[in-house]
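Colleague: Spelled out, the chains give:
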Amino acid sequence: MNENDCKVIVQKDLEDLIPVFMRNRHKELDSLRVALAAADFEQLRQLGHRMKGVGNSYGFTHISTLGKYIEDGARSGDRASLQARISEYEEYLSKVQITYE
Amino acid sequence: MRVLLIDDDEDLRNLLSRYIRAQWADAHIDSYDPLQRDLPAADFPLSSYDVLVLDYMLGRGDGLEWLKSLKQRSDCPKVLFLTGAGNEIIAVRAMKAGADDYQRKQELTRERLITSLRELTANPVERTVAPDLASRMEGHALGDKVRIPGIKILHLIGEGGTARVYLASREDDDEPLVVKILRHEIVTNKKALERFMEEYSLVERIQSRHVARIVGHGNYDSHAYLVMEFFEGGDLNKRLAGQSVSPPDALRFFRELMFALGDIHEKGILHRDLKPQNLMFRRDGSLAIVDFGIAKNIAAADRTNAGEVLGTPRYMSPEQVQGRALDLRTDIYSAGVLLYQMLTGEHMFDGQTAMEVAMHHINTEPPMLPERLQQYQRLMDKLVEKDRDARFRNADEVIGFLARNFEQDTAGAVDTTSRLQ
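Chains as they are written, first to last, in numbering that gives the first Met the number 0: chain F, 0 to 100; chain X, 0 to 420.
Hints in this document: simulated from the structure, not taken from any laboratory. Mixed in with the good hints, there may be bad ones.
[Claimed, not checked] Not everything, but these chain F residues come out facing chain X in the computed CB check (under 10 Å): (1) Leu13; (2) Asn23; (3) Ser56.
The C-beta atom is built at its ideal place from N, Cα and C for all residues, glycine as well.
All chains should be modelled from the sequences, with the hints used to inform the complete structure.
Modeller: Okay, here's the thing in structure tokens:
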């Protein structure tokens, strides 16, 4: 993840949707942690798939990228990779800078 | 406009609602969360909606099963089905199950959603529809009309200058295919029709992993069509999206393109219209070339094509711009221009008009690669030499050069270069 990944431009008319969007992302992060602890790969796959679908739509391309990695990691049962991606997601959510245009 | 959104993702529902309301301020939109509610029961008022937007993955349920069930009801409205990108088999199944349109969820922009809803709710007898919508409606009607033995045309997915493009599949399986139907105005142009049919006969002769697989071709009620494999990875234009790709990726794509050129040149065929839109990716990442719409047998090109200028100006060789007789080195030049774009994210030449761009290929020295890409300058120089005698002579020479100089750069890439037996 580089600095540019954390800079997101969101369409101005979507600004009021972003608080809910971000709240759901933090909930998602919690769900990912719980699913990994329980080795629930099906849940991890579904969460990754959802991230992949919703990230790009709002302009958060890195969320989609991480979602794809998590979906793939869940399919192959790669716990180490999943742990690394979930940590990256946490770091991303703490650093992301949103500009409305 | 009354829309029912069935998606397990609150954020997607919010976003789609916002897009719709921005277009139709008085739209009535109901959100339906399948995590909280089961499949709409028989007394659910489906008929009160103009469009149902239905996701494939519903969290607790399978969107395809919901689609099949809902479409059995006589009051089911038009359905826009949302699928995952790169998974066209689901789109095929959805269309066969009765969906009226599908969109890849990850690529669903505001414009695509609105266009889809406009098409789904358009009144076919309305006379005031916009020209682009009218054209697409005509395309949908044509897809419904044309009959191809063993093939089911499912949905219009694109419109090019010479042909309309449809998602299709065989009647007895769900493998995604593409049907291209030549535009009627082109059919009346005998020469263009010959080119289209030639695309099939040329490509059929090439058994190569690097060339699009043709399933069939023919005519139906004066409509010429071509059936070919579907590329789930999209084209290079989409992959680039106005940016560069990493040098290792650029070299890998370029190397695959060279294998493709080697295969077609070996059969005596020039492509003559290489451009990002004609380089397609399969799901496994392998690359194949398509659209031999202006491809010509090398011998025939030598005899008949002097003075004729065809191709896309940005990627034309100098001799192509000049309308001179062509040989396989024209494709080598165009591939070099493509490599420049992949490495830098910029066009080699720009201009206000197609002619201005084309003339640069004759008169202007190619820009040097930036400092960070200097190791590729010698390769680039030899690809885009204006004097074709100073260029690489063929694809094999280029492949040898790559192997000698950039083996490290392409190491680790998936080997997708084996030829079909």
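Colleague: Under 10 Å, Cβ to Cβ, is where F:Ser56 needs to be relative to chain X, so tell me if that hint holds or is violated.
Modeller: This interface hint holds because 6 Å falls under the 10 Å limit.
Colleague: Is the hint on F:Asn23 kept, meaning its closest Cβ partner in chain X is under 10 Å away?
Modeller: holds, 6 Å
Colleague: Is the hint on F:Leu13 kept, meaning its closest Cβ partner in chain X is under 10 Å away?
Modeller: holds, 6 Å
Of the numbered hints given earlier, the model fails none.
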